[in-house]
Structure formats: structure tokens, C-alpha cells
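Based on these hints, arrange chain B on the given structure of chain A.
Protein sequence lines, in the order shown, are assigned to chains A and B.
Going by this note's numbering, the first sequence opens with residue 1, and the numbers climb by one from there.
Going by this note's numbering, the second sequence opens with residue 1, and the numbers climb by one from there.
Among the clues, some could well be false.
Claimed, not checked - Here are some, though not all, of the chain A residues that point toward chain B, as calculated from beta-carbon distances under 7 Å:
1. 207
2. 208
3. 229
Simulated from the structure, these hints should not be mistaken for laboratory data.
For each residue, glycine too, the CB sits at the ideal point set by N, CA and C.
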Amino acid sequence: MADIALTPRRAKPALREATTWDQLKHNKNWLGFWFMLPAMAFLIFFLAYPLGLGIWLSFTDTRIGRVGHFVGTENYEWLWDDAIFWLSVFNTLLYTSIASAIKFGVGLYLALLLNERMPFKAILRAAVLIPFIVPTVLSALAFWWIFDSQFSIISWSLKHLGLITQNINFLGDTTWARICVIFANIWRGVPFVAITLLAGLQTVSPSLYEAAILDGATSWQRFRYITYPLLTPIIAVVMTFSVLFTFTDFQLIWAMTRGGPVNATHLMATLSYQRAIIAGQLGEGAAISSAMIPFLLAAIMVSWFGLQRRKWQQGESND
Amino acid sequence: MSSVQIRDVRKSFGNFEVLHGVTIPIEDGEFVVLVGPSGCGKSTLLRMLAGLENITSGTISIGDRVVNNVQPKERDIAMVFQNYALYPHMSVADNMGFSMKLRGAKADEISASVKRAAEILALTPLLDRYPRQLSGGQRQRVAMGRAIVRDPQVFLFDEPLSNLDAKLRVAMRTEIKELHQRLKTTTVYVTHDQIEAMTMADKIVVMHDGIVEQMGSPLELYDTPANQFVAGFIGSPAMNFLKGSVKVNGSAYFEGPNGVKLPLKSAPANSDGKPAVYGVRPEHFTIADDGAEAEIVVVEPTGSETQVFAKLGGEQVVAVFRERHQFNPGDKVRLKPDPTLVHLFDDGTGKRLNG
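Bound conformation, chain A alone:
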């Protein structure tokens, strides 16, 4: 040992002052920045820039083909007094709350069902995903036909069953139209909720249920005291996404009703499109879009607090 330590080392090359560039080459944060750059560029170009541009446009009187001028909050003042805008806000809230609540209920039910032992489980699980993988516009077109005023298969069936004498004007009546678009949205949104919750259910250890059975829990009590509390973090995530997707829905409505009849199914997104692109009032359309931001932020805040690690998830794991 001793003579190894005493062996003279080879002379080092003369030290030179480390330049800033040398230091940067060895700086992990600098390297990390470069690794982050592609993702950052992507997010800036496709998210931050359009968002910023949209907010800027909402403060101008830009029209298609004409550069606008800064007009302050004029667009928002106009909207404040615009009954159709408030109707679209009401529609959006109604659409989002009803569709999300039902999607949650049906999705959870389906997830629980698909988690049971049953024949053809794999096929059924795959089948549940079908509404999710069909392009929205295609399914919207299908619904358009299903709810057609003349050729609706529902009206046809009910007539042949002798339950009604006249076709139901599904998309022509304000109440029916709202029900129809909400139904179509639920049909499309349920698979996402169901499959995500199913994934969550499968993380619950079966031995917890066995322990609960031995503790005397009925199947309702097992759901109430074991499944539901353990699923809450996943419910928070999936419902946040579900609410965000529903609130900003555009395709389904546009393909089925274009916001009609008499604006009964106009959501903020469709109204914004109509004002900005169809009517060319980019500034006003942008203001409607920007008005969605507070609602979306509120939804995110709810899930943020819902997602906070609960007390039982904290602490060290000694496994």
C-alpha cells in the first residue's frame, strides 16, 4: 500500500484558466437545457404562441383580411351585453356538467363490470374502446343520421312499435337537440373514463378485498370503503381531463347541429368559431375563446387540490 501511494504521479499538463465555455461544457443544467429545447420549442410554437396570439387578438378589432388595432376591452364589453354569448356560456356549463356527471357514472359502472370475472372479458374490454377510436366527425355524422328529422332510426322504430305517430324532431327542437348532443358526447367520452378507471381498479390488490370480505364487508361496503377511496386520485385525473375535453368540445356539435336550433346547442367553442371564422370577426371570436380560460383554470385548480397527495399516500415505503 505504502509504496503505491508514494509512487510519483505523472506530471500534469500546465493548468490553464477555465473559460466560461469550458465551464458550460461541464454544466449539467446547460446540458439539460439542450435536452429540453425540442420539447420546449414544440410547446412554445404550438401552445404558448397561439394562446398568446389569441389573447392579443381578443384586445383588437382584427377581421379576416384586415389588420386590427388595439381596442382595449371593447370586445369583452360587447360580449358582456351579448345574450347569445351568455346563452353559449350557459349551454357549455350545462353540457359539461351533465355530460361529465353521466360519463363518470357510466364509466365507473362499466369499469367495475369489466373488472369482474366474466366470459369474453378481453373482447368486451376492447369493444368498450370503439367509440373512442372512431374519428369524432364520423361518429357525429352517424348520430346526425340517427337523429335525423325524417330518416331517424329511433323515430322509425318507435313508430313501428306504435309508441309514437309522428317523427321526433330530434335536432330541430331545442330541448331534444341538447339531449342529443349530450348523449353523443357521453357515448364518445365513456370509454376514456371506463378504461382509465379500469386501469386504476386493477392496481387495487385483490387481497384487500379478501381481507374486507373476512372483515364482513358487503359488496357495497367493499366499494364504499375500499375501492372508492383508493380510486379517488385516478378519478381526479380522469375527471379533470373529461371536463376539459367536454368544455372545449367543438367537432361533435359543429357536425351535428352547428349550434342550432336557435343557438340552443351553441357552446363557447362553436360560437367562437362562428364569429371568428365564419363571420370573420377574429377579435370577437378570440375574446369568446379567451373567456373560456377562467373556467378551464378553475377546473384545473379543482383537480390540483383533488390531486394533492393525501395523508395516507405520504411517508416512506420500507418495502
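This is chain B only, laid out in the frame that chain A set:
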């Protein structure tokens, strides 16, 4: 507390029978360990006792009541799972009181029971913690606490110590045994670890491929294993087996592999020339001048004893000595089995031949 009777119980999954008619009487207050290698059906039997698996045929009774069609919660049993199965979102106190809460017990009644169980297991300072915040041993104790709170007729343990490290396992082993001595509740304990079985059981049931190979007290099984399987399963290091045949030529002896001559106290009747398996435990070898010659291969001192692997008649055997010999690999020694403690098994069926 009550007795448990398992009578000719069978279990099939589809066409595949995993338990082929198991009968085990368990007395009131007895600590019974079901032990056997993986896949022998011991856990399945325990789960049938708990009511988590259906009984294909046969009966299981707890006390005087046949429980085949009784719901798990009405069987008055409590089970400790291998992975503890603690509810992660409930505090220790809530975990322990959950069964009482479901039964609709009053809050003060629940907290009194939980407190009593916590005192027994020294869990009182941990009652407000969550399972994640506990160490493996503490979780194990909470799982036992959950069982104690229910004050059941029978405790069921399903390999409760296999997730713990070696040192903790030994400590918890003692703790569970002590707990049983204090509560005197009938206990059925499943393990694959024969040392756990030996140290804890009043009665060991050795299972293999869905049948009971032998049951009896730990020392009975150790001293007079009913067959070669039990002989090889109980005891560590495992018993040495040497194939050969019994010879009665004036006095009885055993002719082992390559003509090695091994001592026998007496030969079973009509066994001259009969092929058999000679079993000798590692600790029953001595070094003696009239022993069989063996060549040492590996020496493993553990401090308290020395394990010696040696070639005896070409077969590898292991011998354990408490006294300290100077052994080196390659040395020739003369190993002599104690003739009063050797075992003879039938070469075909593996059944015990000597008394």
C-alpha cells in the same frame, strides 16, 4: 376458541384436482402448521378454511358447525395475509377497527377493543399512522392486531413472515408463538419454511402434491418421519439418502453405493438383499475408526458448528459437527452414522421400513 375438523376435503379447479382428500383434526387451542413445498395445496386449504375458496367435496367444521356453506364473515375466523393486506387509506386504528365498524359497533367500543389489541402488540404509539409509514415488522403486527380485535375462534396465518428479512422473521416467529401462548386461540399457520414449522407448531402437517404426508409433533416428525419425503423436508441441512440394499449376514448392515458398508441396529423382517434407501441426518455422523471412508469436498464453518460436504461411496453427503475438527478439502475421514438413529425407506414407495 374451538376445534376445527377437516374431513376428506377435496378441491378441484376445473378438471384439475389440487387437494386429494385431506383429513386434519385440529384441537381446541392447538397451533397447527401446514407446511410443504410450493403448489402442495396448503394455501388453498387455508383459503377454504377461511371461506375464500369453495370446497369441492368433504367437510370443514369449526366447533360443532359445518361451515362449507357459511359466509366467511360468519365463520368467526381472522386471517393474516402474506402481504398483510392493510387498507392503505386507513390509519392503523381504523384498519384494526374496520371489522367492528362494519358490524355497527359503537365508536367507544371500537376504540376500546383497538386499544386493548394495540397494547398486546405494542402498537399504541403507531395508532394514528398509515400503513405506508410503518416498517415491515410493524405492518405485520398491525395485521395481527386486526385479527386480534375480532377475537375470533380461529386465527389463520398465510405465510405471514415471508416478506420480512431474516432477522425480523426470527423475532416475529417468537412473537407469534408468544401471542398464541397468551391468547390460546386455535391457530392454523401456513408456511413453506420447515424451520418456522418446527419452532412454532404444536402439530405439523406436512403436505405434498395435495395429500397429507404425515402429521404429528415437530419432534415426532424429526425422529420418525413416515416416508422419505417428510424425512427430506424436515431438518436442515436435509437428511442424506444413500441407495443400496439391506444385508443380513450374521449381523445386519446396509450396503451402500459402491459397496460402502453402513451400520444398522437391526434389519426389518425378511429384508435380506432388499433394495432400500438409507437415511442419516447430518448431525448423526461421528468420526470413528470403524466408519466408512469419505473424502472431504467442502468445509463450511458457521461458528457454532461445521458443515462438511464429503464423498461417501461416490455420493455427496453432508455431516454437521459441533466439535471443532481440523478438516481440509481432500482429506480422508471415516464417517460413522449412529446406528440407533438411522432411517430405512422403501426404495419404491419411500415408506419407512424400520420402527
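Okay, the hints, checked on the actual structure:
1. 207: Since chain B brings a Cβ to about 4 Å from residue 207(A), closer than 7 Å, the hint holds.
2. 208: 5 Å, holds
3. 229: 5 Å, holds
Every hint from the earlier list agrees with this structure, and none is contradicted.
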